[in-house]
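Here is how the chains run, residue by residue.
Protein chains: 2
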Amino acid sequence: MTDLYDVAAIGNAIVDVIAPSSDDFIADQALPKGGMTLIDDLRAEELYEAMAPGQEASGGSAANSMAGVASFGGRAAFIGKVGDDQLGKVFAHDIRAIGAHYDTAPLASGAATGRCLINVTPDGQRTMATFLGAANLLGPGDVDPKVIESAKITFLEGYLFTPEEARKAFAKAAGLARASDRLIALTLSAGFVVESFRETLIDFIETQVDILFANEEEITLLFQTKSFDEAVNLARPHVKIAALTCGAQGSVVIGGDESHQVAAEPIDKLVDTTGAGDAYAAGFLYGLARGRRLNVCGRLGSIAASEVISHYGARPETSLRDLAIKAGL
Amino acid sequence: MTDLYDVAAIGNAIVDVIAPSSDDFIADQALPKGGMTLIDDLRAEELYEAMAPGQEASGGSAANSMAGVASFGGRAAFIGKVGDDQLGKVFAHDIRAIGAHYDTAPLASGAATGRCLINVTPDGQRTMATFLGAANLLGPGDVDPKVIESAKITFLEGYLFTPEEARKAFAKAAGLARASDRLIALTLSAGFVVESFRETLIDFIETQVDILFANEEEITLLFQTKSFDEAVNLARPHVKIAALTCGAQGSVVIGGDESHQVAAEPIDKLVDTTGAGDAYAAGFLYGLARGRRLNVCGRLGSIAASEVISHYGARPETSLRDLAIKAGL
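Residue numbers (this note's numbering), protein chains in the order written: chain A, 1 to 329; chain P, 1 to 329.
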């Protein structure tokens, strides 16, 4: 198969609802500040009602990453499930309009398109509450073999480890990618994913994953240690390549004998951290697909993250390709 | 009746889809740059498909004005029709979340919530294409007498002069307001509204309207002259108060013997002119409802407009009340 795509991602198809909020509001709503909570449709209605006026924009972790890959000039594809409704049409429009391939059939009936209610506090921290809806109903039938077999890297969003049908979709995608000598990347996505599926995840990482993305919380939970440095060392024998982020401290990239400490890019003003990790993965995956060295992949990740946290919203508003060129990469 | 509201508005309930665009795109799509074009649902789908990834946010001219009144600390109410769908829920949420009263029943079946596809060119000009949908199906039954009778000013959006049922709703609202000794304000909204309903509008203004809003194009079309200054003079015998805007040149406010030239507020950078006129009306109406002098009403309008054109989107993101206080008003 020819390389049609640099990266094909499987993830939750989500529309974000982003609104400013106070710290008191986060406390009143009993939401873990800076975290992601899964909520059902009733709680979503209740929380939405209490929120400030918002802006809607396409989101979803791996989908944001594909927007980033496209912004670098890479060829991206996305697989994820929307409902047959207005927000589903918004999601499909936006991901196609950035130039990514997207043709997952909307859910014929039933659940609505998933929504992530994002409250951004004055310190730029985002607190997310997600109603998954149709996104959660992705199954192996949605994984188009032609897409996976023609992508240099298949990128799996850890959030989708939770529903069983989506895990089957991951297994199918991983099998197809392996059979076509393609690379497989996984992001752990959230602490609760690691806590719920620790053993399964370690097994999946050892047997299927070439590139692992995790933040400090996720990697320390995975290897059950309190020290980030120790987690990095514990990860080494399990993964071929790992890009482990720790917020403003930047990231550590390991692969074989290599180990790189990558600084975060300086920014003028932190506005909204939504999508920082997704953007980092975008830069790293784009670099890797284009044969760049691991430390350069890490820097491309840092550049993408710095763009996304400088404004409201999870997807780049400036060409990441231009930013990379400006940085001499 | 007690004064429950400073201003109650009747207008199109619309959700905006805002995306960056090039001048070439506007030309290719044969859209009049800087103007507003009405489109049907098929053309809306076609245009949306061709547009860049967008952000969705509640809009609608008079609804934006009510968001402005609320941002000044005023008490606002809105009457407008949405469809029974996700975007209708977004519209209702946002207008209630800003603190405005809104309880128009969504259209039980049929048309979808109206959408305004807004392409913003690098010069900050917005070019709008509107699919009215449910908004166009407002009728006299939607006008709640309790709302009109308890509002100091009833504000009518000229766009709704086009559908006959909405004109009946205007007649009902104007009758109720007059019977309760309330003020009636009208914005002409667009050149095509004036061209299509010139005689009817002049009659309506003479018999019903206390405060008229119009921009340069609209007022010169109404009085069939090429000169803005002449149009101002021709308007004088027909209106009690008129606030006539001319973009970056500011506005002229007339009322009885008074005549004021009001400068536009200086801004750092013009980002997106969407909502400038709506915001101006917000400031003016808020000032008038609170008994301020006409020149102060005009300045409050200028301050509101300057806030809205400094960022993407048609509704204020900074407290207009704070800006007014900062300006010593």
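The set of hints was computed from the structure by calculation and includes no laboratory data. Any given hint could be a false lead.
To be verified - With a cut-off of at most 25 angstroms between alpha-carbon atoms, the simulated BS3-like pairs for lysine-lysine come out as follows:
id : chain 1 : residue 1 : chain 2 : residue 2
1  : P       : Lys269    : A       : Lys269
2  : A       : Lys89     : P       : Lys168
3  : P       : Lys168    : P       : Lys240
4  : A       : Lys172    : A       : Lys152
All of these numbers come straight from a predicted model, not from anything done at the bench.
How the hints compare with the structure:
no.: 1; hint: P:Lys269 / A:Lys269; in the structure: holds (18 angstroms)
no.: 2; hint: A:Lys89 / P:Lys168; in the structure: violated (35 angstroms)
no.: 3; hint: P:Lys168 / P:Lys240; in the structure: holds (23 angstroms)
no.: 4; hint: A:Lys172 / A:Lys152; in the structure: holds (16 angstroms)
Consistency note: the structure conflicts with earlier hint 2 alone.
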